[in-house]
Amino acid sequence: MKNFDYIRPTTIPDALAAAAEPGSAYLAGGTNLLDLMKGGVTSPDRVVDISRLPELNRIERLADGGLRIGALVRNADLAHDPEFARSYPAVAEALLSGASAQLRNAATVGGNLLQRTRCSYFYDTASACNKREPGAGCDALGGENRLHAVLGWSDACIATHPSDFCVPLVALDAVVEIEGKKGRRHVTLEEFHRLPGQTPQRENGLEPGDLIVGVRLPAEAASFSANARYLKVRERTSYAFAVVSAAAALVVEGGKIRQARLALGGVAAKPWRARSAEAVLLGADADETSFVRAADAALADASPSGDNAFKIELTRRIVVRALMSALAGTPGRLPALPASPFSSIPGVRHDA
Amino acid sequence: MTLELSLNQQPAHLRQGSSIGQPLTRRDGFLKVTGAARYAADNHPPGMLYAVLAVSSIARGRVALLDVEAAKAHAGVVEVMTPENRPPLATDPDAKNNPFMFRLDLLQNDHIRYPNQTIAVVIAETLEAATEGAALLSPRYEAQPARVGLDGAESFVPGGVGIGSPAVHHKGDVEAGLKSAATRIEATYETPAQYHNAMEPHAIVAAWDGDSLSIDTPSQGLAMAQGRIAGLFGIAPENIHIRSPFLGGGFGSKGMISGPQVLGILAARLVGRPVKLVLRREQMYGPVGHRAPTRQTLRMGMDSEGRLTAIGHHARTASSTFDDFFEPAADASHTLYASPAIATSHEAVRLDTGTPLFMRAPGEATGSIALESAIDEAAAACGMDPLEFRQRNYAEVEPMTGKPFSSKALRECYTQASERFGWQRRPLQPRQMPDKDGFLTGWGIGTATFPAIMFQAEARAVLRADGSGLMETGAQDMGQGAWTAFAQIAADGLGLDIDQVDFRAGSSDLPNAGIAGGSGHTATAGMAIHNAGAAVITRLADLATRHEASPLFGAGNEGVLARGGRLYRRDDESRSESYGEILARAGLAEIDGRGTGTPDSASREAYAMHAHGAVFAEVKVDPDFGQIRVTRLVGAFAAGRVINPRLVRSQYYGGMIWGVSFALHEEAVTDRRSGRIQNANLAEYHIPVNADVPSVAALLVHEDDPYVNALGIKGVGEIGITGTAGAVANAVWHATGVRPRRFPIRIEDLLG
Chain A
1 MKNFDYIRPT
11 TIPDALAAAA
21 EPGSAYLAGG
31 TNLLDLMKGG
41 VTSPDRVVDI
51 SRLPELNRIE
61 RLADGGLRIG
71 ALVRNADLAH
81 DPEFARSYPA
91 VAEALLSGAS
101 AQLRNAATVG
111 GNLLQRTRCS
121 YFYDTASACN
131 KREPGAGCDA
141 LGGENRLHAV
151 LGWSDACIAT
161 HPSDFCVPLV
171 ALDAVVEIEG
181 KKGRRHVTLE
191 EFHRLPGQTP
201 QRENGLEPGD
211 LIVGVRLPAE
221 AASFSANARY
231 LKVRERTSYA
241 FAVVSAAAAL
251 VVEGGKIRQA
261 RLALGGVAAK
271 PWRARSAEAV
281 LLGADADETS
291 FVRAADAALA
301 DASPSGDNAF
311 KIELTRRIVV
321 RALMSALAGT
331 PGRLPALPAS
341 PFSSIPGVRH
351 DA
Chain B
1001 MTLELSLNQQ
1011 PAHLRQGSSI
1021 GQPLTRRDGF
1031 LKVTGAARYA
1041 ADNHPPGMLY
1051 AVLAVSSIAR
1061 GRVALLDVEA
1071 AKAHAGVVEV
1081 MTPENRPPLA
1091 TDPDAKNNPF
1101 MFRLDLLQND
1111 HIRYPNQTIA
1121 VVIAETLEAA
1131 TEGAALLSPR
1141 YEAQPARVGL
1151 DGAESFVPGG
1161 VGIGSPAVHH
1171 KGDVEAGLKS
1181 AATRIEATYE
1191 TPAQYHNAME
1201 PHAIVAAWDG
1211 DSLSIDTPSQ
1221 GLAMAQGRIA
1231 GLFGIAPENI
1241 HIRSPFLGGG
1251 FGSKGMISGP
1261 QVLGILAARL
1271 VGRPVKLVLR
1281 REQMYGPVGH
1291 RAPTRQTLRM
1301 GMDSEGRLTA
1311 IGHHARTASS
1321 TFDDFFEPAA
1331 DASHTLYASP
1341 AIATSHEAVR
1351 LDTGTPLFMR
1361 APGEATGSIA
1371 LESAIDEAAA
1381 ACGMDPLEFR
1391 QRNYAEVEPM
1401 TGKPFSSKAL
1411 RECYTQASER
1421 FGWQRRPLQP
1431 RQMPDKDGFL
1441 TGWGIGTATF
1451 PAIMFQAEAR
1461 AVLRADGSGL
1471 METGAQDMGQ
1481 GAWTAFAQIA
1491 ADGLGLDIDQ
1501 VDFRAGSSDL
1511 PNAGIAGGSG
1521 HTATAGMAIH
1531 NAGAAVITRL
1541 ADLATRHEAS
1551 PLFGAGNEGV
1561 LARGGRLYRR
1571 DDESRSESYG
1581 EILARAGLAE
1591 IDGRGTGTPD
1601 SASREAYAMH
1611 AHGAVFAEVK
1621 VDPDFGQIRV
1631 TRLVGAFAAG
1641 RVINPRLVRS
1651 QYYGGMIWGV
1661 SFALHEEAVT
1671 DRRSGRIQNA
1681 NLAEYHIPVN
1691 ADVPSVAALL
1701 VHEDDPYVNA
1711 LGIKGVGEIG
1721 ITGTAGAVAN
1731 AVWHATGVRP
1741 RRFPIRIEDL
1751 LG
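Chains A and B, in that order, give the protein sequences.
For what it's worth, our numbering labels the leading residue of the first sequence as 1, then goes sequentially.
For what it's worth, our numbering labels the leading residue of the second sequence as 1001, then goes sequentially.
The following block holds chain B by itself, in its conformation from the complex (with noise of 0.2 Å):
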């Protein structure tokens, strides 16, 4: 018997009341903005007391004295945790057994290796008497001089940048090129240390119960934070039952389980009683990770037609003293540009700074915003238009490798958003565009690119007697809108309607979706929620086809389609039978199956798999005073199966807003002595108000792709940062005639 279930090759499917492609709006939106959505901090167990941290104000040295008598002195003061008598562990917080196990700041000693490192945690009855606690702690310290800044440390090569890719990749001869070559460019841009800032902070509320615990928590990857929470307490995966239905924002930040988050584990440890910890937004600037500052310097020549004949992308960055995190940014030249030789290498730095870890886009964002401005450098350089320079130099394979796209429709993207921006009327020297109340206008444009990811992921599918289903998977929704997506995947894998189905997500008691990063959530827990469906569809299929008394009995090899919550034979569709008659004919009250969602290592072998897409930034730029406004965004982009465009529409604005950010506004400010971040506050780390995207636009352009997965989905949560970084760059270039080579790009680089 075979059964069609792949949307993929079944269009058909789509137009025969599928949930799958329809703009719903979001299934838990009464919920948030009626307040009732729970979030991690929301809740208040019986007997709660309340955990502040002490975090250290010195970046590189130990703790000398604290306080810890006057603290525990205030009133409502319940303990004070140290590395004296903080309970053990069964792991040690700094052993690293694989490149996703990142070393935590437990309190295992009174070394401090970064500012902001928790020193102590006060446990109180109010928040407010933890939070005076931990200032009497009054900490004394010796302090080392820090080691702040790209130059603040020699350099080395890392044996691996991002995850687990070399250091150092080479594919022809770069040095041949370049001296070959009729034009040749050279040009090092910098972007600084960027902060996820989610509006949530991290926060959780732990309760034990023996050697059972229960934690609420933001999470983007439930089953990996409970393995290294068992890891480190020593307990049984099983005993940690952690919720997360809703973050409030992750970015990366909350992809692993992070120090203070397990502190308040420690800290329900120590005093018996459920504890809860939430982050100060200025804690938020050292332990759960950063986008790593970057000096990129990228070569390229090209021939008398603008075809580029080598690139080179140099990146320096920067990790931790004590952890290895390295910002893969010159891996952006890898996949988007067509070069007979390419080669990426890397060196980095070690600074007194937290790990920096995944951020939104990590690697693709800092790498994009200098290779679009090189490209755009390039392209000036030949005298071309860089949307043109960009469709010369298009790449029909993937340059450093050759392999062929499993789909790639960036074509299609350059023209419908170069149509839609109006960029043929571009004049192709910069200062040729001021406007009638005297502002330069600069348009600019960027290449997106993002890799089609898949993870691991397993789903539990139920089909009921009275006709409904339920659909299981500890998948993570971030904001995002997986709630609703993943509903709608699960309608289309059961043949019901969305109203019919119970989905059940955000708890680690559910099948391991893994993790929501690296734009992969939707394709992975997706296609183990598809395969789910189809698997408890075959057992009802069986169910059906082997009764005589049912109209689809002996179906066969013909097959049947599931829809509606019937099933029909495929040769015949007048022959049909509820899911419900036949449940009660084989007196069942219901059956599951289950999926997993996992890559296929053979198409994944023989294909590169990628989502692109364009993007054309207007800027206005005062001519006297530098100050920048990006008046116009369009972005099309080519990401696979859509599976709601109103949610993938707002994971591109957000996408491209954040891209604006890190042209024009985004960048923690480190004092260059003490190495403390001088803004690690909301007013003043600058991320875009609304005032500064007055308009944003997002075409969802249509590919088919039957490699990446049976659904056909790539992955829409990073892509709309790259290339719209460089957009806004280039415009700013085309606005004024000066290349911005540091972001933010700030108003003294422009006053000329």
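Next up, chain A with everything else stripped away, as it sits in the complex (with noise of 0.2 Å):
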């Protein structure tokens, strides 16, 4: 493979000094930008392995009642902790549906919001990309592209953002906290990810040399733990990445509901709040009828992008059933299966 630098700073501001030049890739847990490597669809000049900086491993309460989780934090380390998973059930739920339980081990946080997509298009070097090469084209189009996007693609871009933990974060508010040239800023993670436009090799606020060195919970994002749920279909039980995916989270008083939050994955170029679905359901009945208005309301957007028209019933029938297990109440224990439709009824174990 090219030949690069390797540069392990100890320090944030070595780390961005590292960066500055064109060319530099950060390397955390390691786990997409390897095979991005390997494959020749990333050729960094310079590789800063910023996986030993010790203060971006800390998860904190803060002052304020919210959450701040060290972009260094592993996947498997959070998930298992269990004062987070009790506060934030949902998120917790998404991180251990993700990837294979070696690959949770290695990935962090910040790395997990900068995994490039699934798309084949992307990773086949031979084909056009206007994310891997602006203006070459773009091969999903026309191509197989069943599991491609159904919201906010454009003719230039029609892959999906693959994380599964950024759906419920996204739909929690959770703010990624940036280091940069000019100090830091924090940026809703909403706001983070982009939609492709024209310039899908844009997917995120990051500048060159940006370093993501955390993400924040507010403190109202731990008012939905009794109500909250992450829920995956794929095509296989476990290590597959989602087809659709949808995080609900509620907040429930005499029948009615006070809060909605209700996000969606695998269906865009970003973890997708839906937005119009949750002003449907704030003060409606709790019950299916307005859980079908909120699907209707989430995908009144969505049209398939190639061969996957099917997509936009499946988020439909996700995001009722995303609602309904949430109104039912998150488990007391984690299911086995961990967002599997095959553990989506609490206190059933599917396992056996």
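Everything labelled a hint here was simulated from the structure, so no lab data went into it.
Treat the hints loosely; a few may be bogus.
Derived CB-CB ranges, DEER-like [as the list claims (entries may be wrong)]:
| id | chain 1 | residue 1 | chain 2 | residue 2 | range |
| --- | --- | --- | --- | --- | --- |
| 1 | B | S1212 | A | P54 | 53 to 59 Å |
| 2 | A | D5 | B | N1239 | 45 to 51 Å |
| 3 | B | R1420 | A | E60 | 51 to 57 Å |
Lysine-lysine pairs mimicking DSSO-like chemistry, simulated, CA-CA at most 27 Å apart [claimed, not checked]:
| id | chain 1 | residue 1 | chain 2 | residue 2 |
| --- | --- | --- | --- | --- |
| 4 | B | K1403 | B | K1171 |
| 5 | A | K2 | B | K1171 |
| 6 | A | K2 | A | K38 |
| 7 | B | K1072 | A | K38 |
Partial list, derived from the structure: chain B residues whose beta carbon lies under 7 Å from chain A [to be verified]:
| id | residue |
| --- | --- |
| 8 | S1057 |
| 9 | Y1394 |
| 10 | D1624 |
Don't be surprised by glycine CBs; every beta carbon is placed ideally from N, CA and C.
Taking the hints as your guide, dock the two standalone chains into a single complex.
So this is what it looks like as structure tokens:
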């Protein structure tokens, strides 16, 4: 493979300085970057290994009741933190539904936000891909695209964002902490990822050299803990990306929905906050009728980008089920098959 | 003098400390779990260089330009092998003298005939340098449109399918049978291209010494590989030494030496140093074979009693543009269900892909999922329970030939598996078993079958004066447990405890053990081992019974028994002598004997020989999402004598899980325009994970077969896929009422 410089800074300022050069890439868990480099999809001149920066490894309670998760916290460590899982059960469930145990042990919070699409045309360097090579075209259009986007896509790119973790995070108003040349700034996760438009290579709000140092959950995010679920439809029971997924979180009082959060995965180039559906739910009766209306609202603007019309109906159904599951209540223990339809019934274990 | 060593006729032998039948753990297990087992790519001879393939990204055309200079200028790159400088070969890689000789892409020209075809080999001091050198070649192509998919070209009737089977077979009058039927069904099923994806990629470490060649490479057929390489390089086979002690799976893709392996040898020739070449995962999707896609149409007629009056099975499949391998899918209908009229036929197209090859249960797997689905449709059309329908159409003789079966315990398989599964509680109609959590539950059945094939093998046995034994045969352990099962046969053949036997295999300088394929390796090499043991025991017995000082003197026609390192008079077991005593008296350090394993042509002429099984599957389907989970699998299999029940059960599990994979997961997603495979990696080429197969049970049904071979072995390597794939599909129908007609079954097929 192409020779590159390898630098292992010991402080955040050193990391920023090292990555200021064009052609730099940060390396954390490496679960995505190394594959991309081996496949020739990306070929950085300089790899800045941040995996040993000590201050990015902590989970901290904030004075305002919120939570700050360091960018290098491993997916598995976060999901298995008992207090975290109790306060943000849908996030823990999403984390544990992703990838395999080995990958979750290596993958990091910050890296998860930056993982690249699984669109096969992005990985196949002989194919045209505007994300990989701006202006080249999009071979996914008219190709093998049954798993591609149904929301927010453009004729320049129909890829989806593959993260599970980001879906409940965006529903819970998570905020990304970014350290850059001009100091530290905060961007909501919803604003962080971008839709493709005509510039699908611009996937997020990071400037060259910017480093994600943490993710914050506001105090309010924990208020959904009694009624929060993540649900994921996939083509095998584990170790598969979502065909579609949904995170649903509710606050219900006297049969009425007082607060609602809904986000979708596997449908767009970003984790998709379904605000129009939340508007339908707010103040509505907490029942299936309202959930169906919410699903219709969430998918009102959906359209197939190829052989994937089924995903629109599938998403409608997963929205209803995720909301029903959230309404039924967060299970007392995480299901043996996290986020699987085969453990979506609270309290029932299907792994016998 | 007679020597009674036929275990089949001597069940008493089993009760006397026999190794055969014992559930031993893998003898190589410790080496494997500690990482000490040396696979081909683990070798690193002094001075070794690394070779990396540069492969085509187009399906058809020619290489117009390669930037060889840029690659050679990269630090560490030693040489770039292209058609310009590739060392000469004694045989044209496009020559084909027999159906088992497949054309290879060895840089003979600049033509490209499939994606991932090798266009150059970069040889460097490090793997990294070779990899970057390959990238720096920046090939330019003159491309032509790719021919992709079963409708991508004009079809024709191939000259033969599978291993020389005619493309068209018939008995009776299918059209008349259909016409006279009370009930008829017709259905078309599609199966996708699948790739072997052995865990261990094809790898080779090759070193030349003059005209002698030393190779470490995984091979399912050492002698065939040796012969092919000898022919290509114009050297004597005995000048080639291939070591293949362990394979990380083969599944047919390592049956014949592949193009990339030969390129590793050529690279070593070119640079005059040892070379290692290991395929990347995505490079395995092209030059090492695959299972071709099929589109199969089944027509069946049934009389008013649910008896088949006709089976028509037509398959359309694909081969490459430059070689012939045609998946014999329709032949699956020859052996399983009784019908007065059966017609099978094939047509094929030529596509811009690598040549398809044998892949675990070639023809049987693809044919089985279609046949078992159609049988299920036929049962439903007759309003019959699908098990009862299968029993109603049970074949007492092989349907296509009318031959009796050498043995067939399929009824017992149906009984044992259905009882274990609880099949009798199954409602006839679909969608009748929602579970308490709202999932649709379905139960399905499939019949499994696979022919009991034998090839040719040789073995050499030695008895030593210290009382120990040696057994040598160039057998191949693909992970199935050959090191253990063959040692068990060797121990019994030599009448020794297994720990007293030194068993050697996995090397081309040992007697030819034939190919580890066709589920025939245990029977074939096992018989060679057994006969070699008998031969050396015969020599030993001669030494004893002819010597006056021996207690066995004059045993004559009564014969002797070999057991526990001693020979006993058959008629008086109080008279015995140890092997060591016999050899010492004769003044011999050791004696040897040779044996062959070979099919008995007379019994094969007289009998149809197949293993059978019955597989029952339970699926749960999410009614809204169409996501499927196989919650229970129960299979019962009858495959003659079981050498090692632990290993055999493991083979059945593996096959059954592969069947789940066939029904629900595996598909090479091929871009309809470029012909490139879009999911050439193990993240997206799905196979089941543990959560997909929570409960798998395999029952071993006793079966004595006096005709297949003296050991009574049929073979268990492939049968598990057959039956299972159809059982899962049929269970999905029973759960949902939707009849799967293309595989793998997808979520959108069930959304409704």
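- Message: Tell me the numbers of any earlier hints that the structure contravenes, in ascending order.
- Response: 5, 9
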